[in-house]
Amino acid sequence: MKKEEIPQDNGALGKIAREVTYVVDENGNYSTGQSTGWDVKTEALNVAWHDVEAKIEAAKQQVLAGTASPILYFMEKWIMDLNILASYTGYWKWTIKKHLKPSGFQKLSEDKLKKYAALFEVSVAELKNPFKQSE
Amino acid sequence: MELQHTNFKHLQAAHCENGVTTALLRHYGITKITEPLAFGIGSGLFYIQLPFMKVNGGPAISFRTMPGLIFKRTCTALGVPVTRKKFRSHEKAMQELDERVLAGKPTACQVGVFYLTYFPKEYRFHFNAHNLIVVDKKGDDYYISDPIMEGLVTMNSYELERVRFAKGAFAPRGQMYYPGDHLKEPTDEQMKQGIIKGIKRNCRDMLHIPGSFGGVSGIAYTGRQIKKWKTKLGDEKARSYLAQLVRMQEEIGTGGGGFRFIYGAFLQQAHPYLKADELFDLSRQFTAAGDKWRDAAIQASGIYKGRLNTQADYDNMGDRLIEISALEKQAFQQLKALMGKMK
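Keeping their order, the protein sequence lines are chains A and B.
The opening position of the first sequence corresponds to residue 1 in this note's numbering, with each subsequent residue numbered one higher.
The opening position of the second sequence corresponds to residue 136 in this note's numbering, with each subsequent residue numbered one higher.
These are calculated hints, taken from the structure and not from any lab test.
There's no promise every hint is true.
Each pair of labels, with its calculated beta carbon distance range [said to hold, decoys possible]:
no. : chain 1 : residue 1 : chain 2 : residue 2 : range
1   : B       : K363      : A       : E4        : 47 to 57 Å
2   : B       : H406      : A       : A54       : 48 to 58 Å
3   : A       : K93       : B       : K335      : 34 to 44 Å
4   : B       : E320      : A       : A54       : 50 to 60 Å
5   : A       : E126      : B       : T218      : 43 to 53 Å
6   : B       : F187      : A       : Q34       : 20 to 30 Å
7   : A       : N46       : B       : D316      : 40 to 50 Å
8   : A       : W49       : B       : Y253      : 11 to 21 Å
9   : A       : K107      : B       : T211      : 50 to 60 Å
10  : A       : K107      : B       : K335      : 39 to 49 Å
11  : A       : K107      : B       : R339      : 50 to 60 Å
Taking lysine to any residue pairs in the SDA-like style, the calculated list, with each CA pair at most 20 Å apart, reads [to be verified]:
no. : chain 1 : residue 1 : chain 2 : residue 2
12  : A       : K55       : B       : F260
13  : B       : K464      : B       : E413
14  : A       : K93       : A       : K114
15  : A       : K2        : B       : Q403
16  : A       : K3        : B       : Q420
17  : A       : K15       : B       : P255
18  : B       : K363      : B       : Q446
19  : A       : K15       : B       : Q446
20  : A       : K55       : A       : F131
21  : A       : K2        : B       : Q404
22  : B       : K256      : A       : W78
23  : B       : K189      : A       : K2
Chain B is faced by these chain A residues, among others (derived, beta-carbon under 8 Å) [as the list claims (entries may be wrong)]:
no. : residue
24  : I16
25  : K41
26  : W49
27  : L82
28  : Y91
29  : L100
Built from N, CA and C at the ideal position, the CB exists for glycine as well.
Turn these sequences into a full structure, and let the hints steer you where they fit.
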């Protein structure tokens, strides 16, 4: 890539820092330049976030339909999966799988609810009823 | 920002681990080191697509070696002692960091980016192999030199502890690391030997790694896979997969073209030590490969933006990677032959 070819599009990172890129001059000698962003990768990042949003929405619908517990919704909202959630809570994955079901969620102790609520930065009431305000 | 305990100079770099390695070594006395040299001596260039493994639901692709290796290898090559510590206790992790920082000794930490306060929200996934240097402390605030940023930033003790103990894959577990205090500038001969060793190791990784999904053959492997994605995965998922490939290739830290441009810069900077003119031509070959990677990214973006959507478009994308594989294979073979002649 040549110095004058460095893309200067709007990127999310460009809001806080221009990125260092390695470029060549007309003689092929390397130096560095800065880039505010590149549409090609901004789009790639958008695709990733689009996937995340779709997962959150699907989880929300499952919770509203009563086929999954709010833990699933919050897990997706915090871009976590079973592994990450297990390591943050210290619960086994199969334990969490039970909590993802409405029946398992009903049986959760106050302590466990508090632990999930703290991790997801909501109150226990919001944890039990995440969509109350929005409806 | 005025630093009290140290005269540390912030250094912006393309990649976090290169940047941390370079800035720390320079601070502790090795002025010959630069980001490309650290990357090359540490044999940072790589390619692998791990089969059967998924990251964020997409293909597990990496353009670089395992986290931590660049620092370790570069220090070893230059005869620099390294200390790396993990902690079970959060208190102890913060206390030991405080002791060093207040004594004027900047120290690197591995952190997760999900809770990294100064990062834009769009970049905050659960990625745990980010590196930064803690340079000073005033009251409850830590002064942080993050190679991605243009200047110093701050975090309070709660925020720093949180990112040091992020959870999930590659959990940092409070990890901190640093070189020795008063480092001796390496001789030109030491630099030369480090560079030769780094290049040889990189040739080995790219040319001779067993299996078909790592090194130059791994690039062709991904190319062949891509051609099947449309029918195998369906349009939506295939687009997500391509977007993930581009993110790994171009996202913060690669310096563009999946690190190939940094490697091209490294080969040029190696010239004063190795004095082999062939390095300039090899550098050009890596620049060309980097450009091809970027052209491939543009092709991929046509697909994930929805502008291109035929099987021929996927075939085109796959063929680009197969071509790059051949180019890099040739470049590394020439590099290997050249190293065979060096003493």
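Against the structure, the hints:
no. : hint                         : in the structure
1   : B:K363 to A:E4: 47 to 57 Å   : violated (38 Å)
2   : B:H406 to A:A54: 48 to 58 Å  : holds (50 Å)
3   : A:K93 to B:K335: 34 to 44 Å  : holds (42 Å)
4   : B:E320 to A:A54: 50 to 60 Å  : holds (54 Å)
5   : A:E126 to B:T218: 43 to 53 Å : holds (44 Å)
6   : B:F187 to A:Q34: 20 to 30 Å  : violated (39 Å)
7   : A:N46 to B:D316: 40 to 50 Å  : holds (46 Å)
8   : A:W49 to B:Y253: 11 to 21 Å  : holds (19 Å)
9   : A:K107 to B:T211: 50 to 60 Å : holds (54 Å)
10  : A:K107 to B:K335: 39 to 49 Å : violated (60 Å)
11  : A:K107 to B:R339: 50 to 60 Å : holds (55 Å)
12  : A:K55 to B:F260              : holds (15 Å)
13  : B:K464 to B:E413             : holds (16 Å)
14  : A:K93 to A:K114              : holds (18 Å)
15  : A:K2 to B:Q403               : holds (16 Å)
16  : A:K3 to B:Q420               : holds (17 Å)
17  : A:K15 to B:P255              : holds (8 Å)
18  : B:K363 to B:Q446             : holds (9 Å)
19  : A:K15 to B:Q446              : violated (37 Å)
20  : A:K55 to A:F131              : holds (16 Å)
21  : A:K2 to B:Q404               : holds (18 Å)
22  : B:K256 to A:W78              : holds (12 Å)
23  : B:K189 to A:K2               : violated (34 Å)
24  : I16                          : holds (6 Å)
25  : K41                          : holds (4 Å)
26  : W49                          : holds (7 Å)
27  : L82                          : violated (11 Å)
28  : Y91                          : violated (12 Å)
29  : L100                         : violated (17 Å)
Of the numbered hints stated above, those contradicted by the structure are hints 1, 6, 10, 19, 23, 27, 28 and 29, listed in ascending order.
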